[in-house]
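Protein chains in written order, with this note's numbering: chain A, 589 to 1006; chain B, 6 to 300; chain C, 4 to 354.
Worth flagging that the hints you see were computed from the coordinates, not collected in a lab.
Keep in mind the model is a prediction, meaning the values are calculated, not measured.
Treat the hints with care, as some may be off.
[Said to hold, decoys possible] Below, simulated DSSO-like cross-link-like pairs (lysine-lysine); rule was C-alpha separation at most 27 Å, straight line:
1. 820/A with 136/B
2. 97/C with 711/A
3. 164/C with 692/A
4. 164/C with 972/A
5. 935/A with 663/A
6. 711/A with 164/C
7. 818/A with 136/B
8. 786/A with 97/C
9. 956/A with 654/A
10. 711/A with 175/C
11. 941/A with 175/C
12. 175/C with 692/A
13. 35/B with 126/C
14. 136/B with 853/A
15. 175/C with 694/A
16. 35/B with 128/C
The primary structure of each chain is shown beneath.
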Amino acid sequence: MVKIKWMFLASLAILLTAAFLLPVSAQAEKKLYVGGTQSLTGPFAEDSAAVLAAIEDYVKYVNETKNLAPWRQEKFPADITLEVMWRDDELKPPKALSIYEELKAKGMLVGRISGSPIALALKDRLWEDQMGATSMATGPYYLSPPQSCFTYYPIYTDSLASIADWFKANWKEARKPKVAYLTADNAMGRSIEIPEMKAYLQKIGYEFVGTQYVPLVPTSPPTTQLTWLKQKGVDLALGVMINPGSQPTVKEMVRLGIGPNQPYKMTFGVPAPGHAAVFAAAMGELGDGYVCAGSFRPMDDLATPGIKFCSDLQDKYRPGKRVTHIMYEAGILEAMIQVEALRLAMKKVPFEKLTPRDVLVHGFYQIKNLPTGDISSTPLTYGKGDIEGVDEIRIDQVQKGKSVTVGIFPVRHIFTKK
Amino acid sequence: MTFFLQLVVTGFAQGMVYALIAIGFVIILKCSEVFNIAQGHFVLIGGYLGYTFLVPFGLPIWAALGMAIATAIVMGLIIERLILRPLLGEPVLAVIMVTIALATILGGLATLLWGAEYKAYHGLLPTITMKVGEISIPSESLIGLIVSIICVVLLMLLFRYTKIGLAMRATAEDLQVVQSVGIRATTVYAVSWVIACVVGVIGGILLGGVSGANMDLANVGLKAFAVVLLGGVNSIGGAIFAGIILGMLENVAAGYLDPLLPGGGLAQVFPFLVMIIVLIFRPHGLFGLARIERV
Amino acid sequence: MGLRTGTFHENYAQDMAIFHSGLQWGIAVAFIIFLFACPLFFSDRILTILTTMGIAVISVHGLNILTGYCGQISIGHAGFMAVGGYTSAILCAKLGWPFWVALPCGALAAGIAGLFFGLPSLKIKGFYLIMATIAAQFIIIWTIIQLRSITGGADGLSVPKPAIGSIILSSKTNYFYLVMVFTCLATLLAKNIVRTRAGRAFIAIRDNDLAAEVMGVSLWSYKLQAFFIGCVYAGVAGSLLIHYFSFASTDQFPFMDSVWYLGMLIVGGMGSTTGAIFGAVALKLLDELVTMVGPILSAAVAPQAAASLALISHGLIIIIFLIFEPRGLHHRWEIIKAYFRLWPFSHQEIE
Chain A
589 MVKIKWMFLA
599 SLAILLTAAF
609 LLPVSAQAEK
619 KLYVGGTQSL
629 TGPFAEDSAA
639 VLAAIEDYVK
649 YVNETKNLAP
659 WRQEKFPADI
669 TLEVMWRDDE
679 LKPPKALSIY
689 EELKAKGMLV
699 GRISGSPIAL
709 ALKDRLWEDQ
719 MGATSMATGP
729 YYLSPPQSCF
739 TYYPIYTDSL
749 ASIADWFKAN
759 WKEARKPKVA
769 YLTADNAMGR
779 SIEIPEMKAY
789 LQKIGYEFVG
799 TQYVPLVPTS
809 PPTTQLTWLK
819 QKGVDLALGV
829 MINPGSQPTV
839 KEMVRLGIGP
849 NQPYKMTFGV
859 PAPGHAAVFA
869 AAMGELGDGY
879 VCAGSFRPMD
889 DLATPGIKFC
899 SDLQDKYRPG
909 KRVTHIMYEA
919 GILEAMIQVE
929 ALRLAMKKVP
939 FEKLTPRDVL
949 VHGFYQIKNL
959 PTGDISSTPL
969 TYGKGDIEGV
979 DEIRIDQVQK
989 GKSVTVGIFP
999 VRHIFTKK
Chain B
6 MTFFLQLVVT
16 GFAQGMVYAL
26 IAIGFVIILK
36 CSEVFNIAQG
46 HFVLIGGYLG
56 YTFLVPFGLP
66 IWAALGMAIA
76 TAIVMGLIIE
86 RLILRPLLGE
96 PVLAVIMVTI
106 ALATILGGLA
116 TLLWGAEYKA
126 YHGLLPTITM
136 KVGEISIPSE
146 SLIGLIVSII
156 CVVLLMLLFR
166 YTKIGLAMRA
176 TAEDLQVVQS
186 VGIRATTVYA
196 VSWVIACVVG
206 VIGGILLGGV
216 SGANMDLANV
226 GLKAFAVVLL
236 GGVNSIGGAI
246 FAGIILGMLE
256 NVAAGYLDPL
266 LPGGGLAQVF
276 PFLVMIIVLI
286 FRPHGLFGLA
296 RIERV
Chain C
4 MGLRTGTFHE
14 NYAQDMAIFH
24 SGLQWGIAVA
34 FIIFLFACPL
44 FFSDRILTIL
54 TTMGIAVISV
64 HGLNILTGYC
74 GQISIGHAGF
84 MAVGGYTSAI
94 LCAKLGWPFW
104 VALPCGALAA
114 GIAGLFFGLP
124 SLKIKGFYLI
134 MATIAAQFII
144 IWTIIQLRSI
154 TGGADGLSVP
164 KPAIGSIILS
174 SKTNYFYLVM
184 VFTCLATLLA
194 KNIVRTRAGR
204 AFIAIRDNDL
214 AAEVMGVSLW
224 SYKLQAFFIG
234 CVYAGVAGSL
244 LIHYFSFAST
254 DQFPFMDSVW
264 YLGMLIVGGM
274 GSTTGAIFGA
284 VALKLLDELV
294 TMVGPILSAA
304 VAPQAAASLA
314 LISHGLIIII
324 FLIFEPRGLH
334 HRWEIIKAYF
344 RLWPFSHQEI
354 E
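Just chain A, same shape as in the assembly:
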């Protein structure tokens, strides 16, 4: 017994020391790192896994062909190899900090943010070190003041504003439409409750009624909340929800006879990550009328060059193990942005002298109209103070079990820039 214990402890100690002493591989060839921190554990686990797969595939593609995308002529410098470097932060801020320091020490020039807790932990560090980062989270905290984290879909408040614009454009009645929040009960869902958002809704002619919360993942249908909305005569419900929240909500709406095509007319709209394509696939015709702003295109929409590219990459690099999750597209976008920033920076500063600051100033800030093959609503443009890459927001609605684009609206920049 005692021996087993000793052996266990000894092996643990050896493992630990080995892990710390593992040499940082000597860099014989010219290598640049992309990727960054991931949250493979926690609520964003599946999204993060798909993003990671996409980054890996895209890097393989660039390394093999030196092309940046089938629709682009520019080449990636031939003598430089890209490598994916990532760590799992389990969505824990302290872990993200040490991971960030590790990756930075290993020579990583770009960063990545995998969720709101990580964003709050890292955004000031990134700014201090002048490192640019792509981000999967899109809360309003990025905009006060805008620093060096770049998003590739609009932040939640702007997305909801575009839904409000769209709904108002189609409003036929003489009275003011009534709007309420029906949002997830967590930091993400509550991030829309800012005075600027309410002011905008009232400015464009809505009457604001109130807020109802649904648990991020409800364990019972939100009958109570929906009854409340119906009682107050709400016409448009806006909120930030992920699919596990929005699917039961819409299911319950249909059962209670609430919805755009139901006896009681009410439209329910959410921003990405409540992607309409995912929603439609899971709910079918039950989900008709659901509106999502800024969501990605369905993964089987092969007419779109970007989606075709995603599909081809998967055919080539992961045959038989295809990733069907929609965040694969997000991963391609993130990889494209990171690689593009590195490429642009290398035009100004030689590889040997490249610093994170160069990549931020000569890379990220110089990305203008980066074509994404229509994966994002518009080509991506970044600059100092401009961290929302897209200029327009696409609005999709589920109709007859399919995601259909119903409009495109400009980004309103609701959150005042301080």
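With chain A's structure known, arrange chains B and C on it following the hints.
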């Protein structure tokens, strides 16, 4: 008034599912004095098992339920033998910590097997739509109610008329007496874990039908603790009663107070408020045995 | 406890001393010098890890006094950290108080919150107390979200960089020193608290509360004292954590952290100051190990394997310690020390 009744009805059905999960907890506690923090994770596994058997395997609902229950039985036996048996007679903290560790491992297994993904199986469970006047009863909750009642009745029968049921009740009463009359306490423990697993998995399938299987399903276990404390930790009847009470209170409180609060979201924290109040004023709950200790 | 050959205790003061010989003094001083020389030869990454480790050690010391010595199990420690952290953050960010005033205030606030939620401990123990502390965790976090106008609610609160006098603690090295000073002080204090009258009363309550009460130890007073001290420690740790991020958010104090602080205590060994340090360091190292193995495992097997590794390894380590070494690393350490102390006439200590 309609609004109030709607809240009560929704709460009632919701409370029934809480009660079902709480029963698993109470059974383990009664028989082996183990406070099983992992009960919520049985629910999580149940949700995913429901998905696996219904969607990729494409089994009909009854077969899927049977398969899930079979898996739960195996799971219960393994957990009891490997993790809980070595800790028989250890202090409370060790046992609780081991169930917490068990919860983490179950969470890890769910991540490993199902990639922590959100798996929905809408419309595969049978639905019943019922409307009383203006008040509509959510079909999932109604199904939950029916299944919960069936489970409770089955358990009552088990405890009243079978030998193992009697042995379990006797063990709950006095371990030493039970051992001296030749009942194997370990068998009783194993059966209690199996029952807890089965009940948890059924709860998981019911909840999964509502919102789909997701890692957050495990959090419902925390609500079950509040139910257990309110009802009294060693009373099955108390768990059912408290489950319903808590479900209703939670809904009514959230319905009326949420719009008044700056941040809302009362339903999330309500069980814990109840918990604290119960612990301060009536630690043995509504129906629990008051252990008298004058210190 | 065995003593080294040739060391004798001739009076009470010697018997009660923390260090029994010049050698032990030397080792302790050398260790502290080494600790404070770390920034000279360690990278930013190691410093970051050491800083978070230091904060965890402070927090676990508090939990150790409460749970390890007084036997009052708490799974709400992260909640109390949040009280301390947020108080100090609000004082700094909204009222512009200096950091060195805000930190003690945060600690005090956490202590008071601890007293409040410790009240049920007068009536209940064991599982019931655990439930009360779990409830405390959720109620505290919920309250913070409700008080949006003060705390920033779910959006969090930006906190200025801490400064002591004119020195702004913005660099990693500065902050590392700050945390290490606090960690050393906290360790010294914890070691001494348990040697006082209160500390002995805590142990008496843990071992047999009935006997303690009969002997005249006031359960009422000492249980609350334990809660207060434990939560003051949590408050200091929480405050240091928030100022380290210079951002306060409820995401920094998740429920699972409360669980893992208790896990650290179990791995390290309950009721021992060294154990608290061992536990915090061991689990943090495990965390780092998991992070580094993750990408390798993901490439070899699948990303899910990497993701589940963190959860499964933590769970397994707790179970292994509970089943095979319930007295924790501290006990192992004592055995190793005894082995060398008695060398070459060693004999295996029989358990």
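Outcome of the hint check:
| no. | hint | verdict |
| --- | --- | --- |
| 1 | 820/A with 136/B | 21 Å, holds |
| 2 | 97/C with 711/A | 21 Å, holds |
| 3 | 164/C with 692/A | 22 Å, holds |
| 4 | 164/C with 972/A | 24 Å, holds |
| 5 | 935/A with 663/A | 12 Å, holds |
| 6 | 711/A with 164/C | 14 Å, holds |
| 7 | 818/A with 136/B | 17 Å, holds |
| 8 | 786/A with 97/C | 25 Å, holds |
| 9 | 956/A with 654/A | 21 Å, holds |
| 10 | 711/A with 175/C | 16 Å, holds |
| 11 | 941/A with 175/C | 25 Å, holds |
| 12 | 175/C with 692/A | 14 Å, holds |
| 13 | 35/B with 126/C | 21 Å, holds |
| 14 | 136/B with 853/A | 20 Å, holds |
| 15 | 175/C with 694/A | 18 Å, holds |
| 16 | 35/B with 128/C | 17 Å, holds |
Going through the hint list in order, the structure satisfies each hint without exception.
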